[in-house]
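The primary structure of each chain is shown beneath.
Number of protein chains: 2
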Amino acid sequence: MEPSLENYLHAQIPLSEAMGLHVQEASLQKIILKAPLKNNINHKKTVFGGSLHAVATLACWSLIYVNLKEKNIQAEIVIQESQIRYLAPVTADFTASCAMPDMQLWTRFITMLEKKHKARIHLTSQVYQENVLCVDYQGSFVAIRNPTCP
Amino acid sequence: MEPSLENYLHAQIPLSEAMGLHVQEASLQKIILKAPLKNNINHKKTVFGGSLHAVATLACWSLIYVNLKEKNIQAEIVIQESQIRYLAPVTADFTASCAMPDMQLWTRFITMLEKKHKARIHLTSQVYQENVLCVDYQGSFVAIRNPTCP
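Here the protein sequences line up with chains G and B, keeping their order.
Residue numbers for the first sequence follow this note's numbering, so the first one is 141 and each next one is one higher.
Residue numbers for the second sequence follow this note's numbering, so the first one is 141 and each next one is one higher.
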């Protein structure tokens with residue numbers, strides 16, 4: 141439970157509240173976001189593909205957000221591109237998770253951000269339902285640091 | 141203006157109503173969907189990337205939907221995968237459009253759907269703001285026909 145991240149997302153991105161987004165886990169190692177079928181249902185009574193993409197994007201974005209906040213680095217985090225594969229329909233409330241990537245990649249990202257004030261990182265997110273991988277998401281995110289801030 | 145498509149989307153996919161989605165054009169040749177900044181704003185006061193992806197997906201889905209309806213072909217239309225590039229921030233109300241692809245590709249799609257009851261098509265959608273391309277989207281959609289229906 142990480143009410144502050146959830147409150148931040150709901151306040152800053154009203155669509156996250158409309159999607160019924162709930163932060164289930166927000167550690168420095170992993171983000172798990174949960175959303176109900178009801179708010180995100182489509183004509184086939186499964187989860188709308190746009191909702192799956194949005195929640196996966198927010199899981200990745202949030203992982204960078206909580207880590208930069210922890211390091212007191214003020215930076216804008218921008219999604220640059222993403223790819224998503226819908227492997228199986230999602231028929232119930234769902235979670236999208238994003239785990240810390242390889243530590244070498246992460247360290248390079250932070251070093252670049254500190255030295256060049258801009259760095260890019262590639263993250264992945266997955267949606268599982270009863271141990272079946274339903275959605276595989278990859279996104280490239282760019283962080284742009286304000287050089288006058290910490 | 142195509143109130144029936146708009147009503148269908150709002151009724152079947154409640155998130156489309158939460159996004160303030162409006163059908164600006166729904167011809168057999170082109171779909172243009174419009175959505176306001178207000179419902180889709182993020183922490184940077186630009187349009188949330190998840191909303192841009194969702195509206196682009198619905199533009200492509202709708203192009204197939206209106207064309208199959210016109211031909212009285214009953215089929216499920218499923219998004220299989222997509223790629224999106226965010227080229228510039230969107231800072232105002234926006235439209236996502238999807239135009240009919242090359243006619244040979246479309247004819248092959250319909251022929252496959254009629255013969256094999258399943259066919260795949262690749263569509264693109266773009267978001268422009270004041271003549272600047274802000275979002276470039278590509279999606280693969282599969283239609284699965286119910287063989288007992290027309």
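Don't read these hints as lab results, they were simulated from the structure.
These figures come from a predicted structure and were not determined experimentally.
Hints are supplied without guarantee of correctness; some may be wrong.
Identical chains blur together in the list; that is why a pair holds if it fits in one copy or across any two.
Below, in silico cross-link-like pairs of lysine-lysine (DSSO-like), each with a Cα-Cα straight-line distance of 27 Å or less [said to hold, decoys possible]:
| # | residue 1 | residue 2 |
| --- | --- | --- |
| 1 | 211 | 185 |
| 2 | 178 | 255 |
| 3 | 170 | 184 |
| 4 | 258 | 184 |
| 5 | 255 | 174 |
| 6 | 174 | 258 |
| 7 | 178 | 211 |
| 8 | 174 | 185 |
| 9 | 178 | 256 |
| 10 | 256 | 174 |
| 11 | 255 | 184 |
| 12 | 185 | 209 |
| 13 | 184 | 211 |
Verification of the supplied hints:
1. 211 <-> 185: So residue 211 and residue 185 pass the 27 Å test across copies only (25 Å; inside, 42 Å).
2. 178 <-> 255: Answer is neither; intra-copy 45 Å and inter-copy 36 Å both fail.
3. 170 <-> 184: This pair counts as between: shortest inter-copy Cα distance 24 Å, intra-copy 31 Å.
4. 258 <-> 184: between (42 Å within a copy, 17 Å between copies)
5. 255 <-> 174: neither (35 Å within a copy, 41 Å between copies)
6. 174 <-> 258: neither (30 Å within a copy, 33 Å between copies)
7. 178 <-> 211: Answer is neither: 37 Å inside a copy and 32 Å across each miss the 27 Å cutoff.
8. 174 <-> 185: Cα proximity of residue 174 and residue 185: in one copy and across copies (18 Å, 24 Å).
9. 178 <-> 256: Classified as neither; 44 Å inside a copy, 34 Å across copies.
10. 256 <-> 174: Answer is neither; intra-copy 35 Å and inter-copy 38 Å both fail.
11. 255 <-> 184: Close across copies (24 Å), not inside one copy (49 Å); limit 27 Å.
12. 185 <-> 209: between (38 Å within a copy, 20 Å between copies)
13. 184 <-> 211: Classified as between; 21 Å across copies, 44 Å inside a copy.
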